[in-house]
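Undergrad: Sequence:
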Amino acid sequence: MYKCNESRLKDSIIMFSRIGATANGGVTRLSLSQEDVEARDLFYECCRELGMNIQVDDMANMYATLPGKRNLPPIVMGSHLDSVVKGGRFDGVLGVLTALEAVRTIVDNNIELDIPLTIINFTNEEGARFEPSMMSSGVLSSKFDKAKMLQSTDKTGITFEHALKESGYEGSEENRLKEALAYLELHIEQGPVLEAEKLDIGVVEGVLGMVCYEITVTGESNHAGTTPMKMRKDPLFLATKLINNLIEALGNLDEELVYTIGRMNVTPNIHTVIPDKVVFTLEARHKDPTKINKVEEILHSLPQQQAGCHVSKEKLWGRDTVVFEASLCDQIEQACQGYGYSYKRLYSGAGHDAQFIASYIPSAMIFVPSKNGKSHCEEEETAYEACAKGADVLLETVLNLQAKFSIQEALI
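When you read off a place in the sequence shown, starting at 1, and then add 6, the result is the number in this note's numbering.
If you're looking for bench data, these hints aren't it; they were derived computationally from the structure.
On a predicted model such as this, the values are computed, not experimentally measured, just so you know.
Hints may contain errors.
As the list claims (entries may be wrong) - Derived lysine to any residue pairs resembling SDA-like cross-links, with alpha carbons at most 20 Å apart:
1) 152 - 139
2) 75 - 407
3) 247 - 270
4) 239 - 270
Based on the provided sequences and hints, a complete structural model is requested.
TA: Pasting the structure below:
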């Protein structure tokens, strides 16, 4: 079994982390910004030095391909180079750089490929500059309408369309990823499980389904000092009671269910005035759609009238659980076993490009541990040894898939 070069991978991570570096060791590299373009240029040069063919599509997705002997659809690896504001040095970029390290190891060892191998850099995965997140993989998979995406604007009013043209990375629709034998995405876990259980690798079986509701409690404003307690119609008191009831009900539903009340707005938000309206969100995630349905049943059971207040709820959005290709997960697991790396199968609670690509290409993901589970912050950290182990598993999985697909093609 081949092993990747940990020292070289470390150097690559450090090199890319300098582009958009922040004062406290993080990265700000917003999609199609000057920093993102600089990172793209560096990625382009790294791939060109390996003799890879590089194409760009109409959403600025980059494809670097190492040719194979057979004229077959490629095996694809990758992730994204953009970041959130004051994000970490590993989120997204590690998937691109471990794929690059895998190709470098293949070239170093003069391994002849039967099947082309492509590294992809997806545009605007984070959605930190232009909403929504996973924009370009969403367009590729027909989840998003391109015309609408082009009109997405950043905080300064610049449209995605304008930034795309200015970047120099607007390519042809003909270059879009239309078919592939498999798509593999390596990513930091962005959670605490692997580190807590002292495991090397997460074999990602899918992405959790989720639902998000907004609950509005409407009462009546009045003076905070002159209104007797029994005569109040206080929506915040009721909202507090409803939230406690929701926490209890959801906590008894399933131990794997995760739920968050992440936003609350109180009107008029003045300490001397009884509020007249409270709006809060509740988001829940689980791999089992029946559990998500139970969450919605609990939310719909909230009273419409109570304590003189009116309660309404609105479903803001949701997504179905995405289940990755089982045979690819098996291949990743076998690679872990071959190296003697500890692992577990798990689902991702965060969204990734792979969840959209999985709708038309067999896909799976590999996780490596995140220190203290931190991500989307400057404190984000993953040990370089852990990164290299992930790169090893990615490489071995790709080489095993090469052999598997070549045999299948020969039998046809």
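Undergrad: Take the hints in turn and mark each one as holding or not.
TA: Checked hints:
1. 152 - 139: holds (14 Å)
2. 75 - 407: Holds. Residue 75 to residue 407 sits at ~15 Å (cutoff 20 Å).
3. 247 - 270: holds (14 Å)
4. 239 - 270: holds (18 Å)
Of the hints listed earlier, there is not a single one the structure fails to meet.
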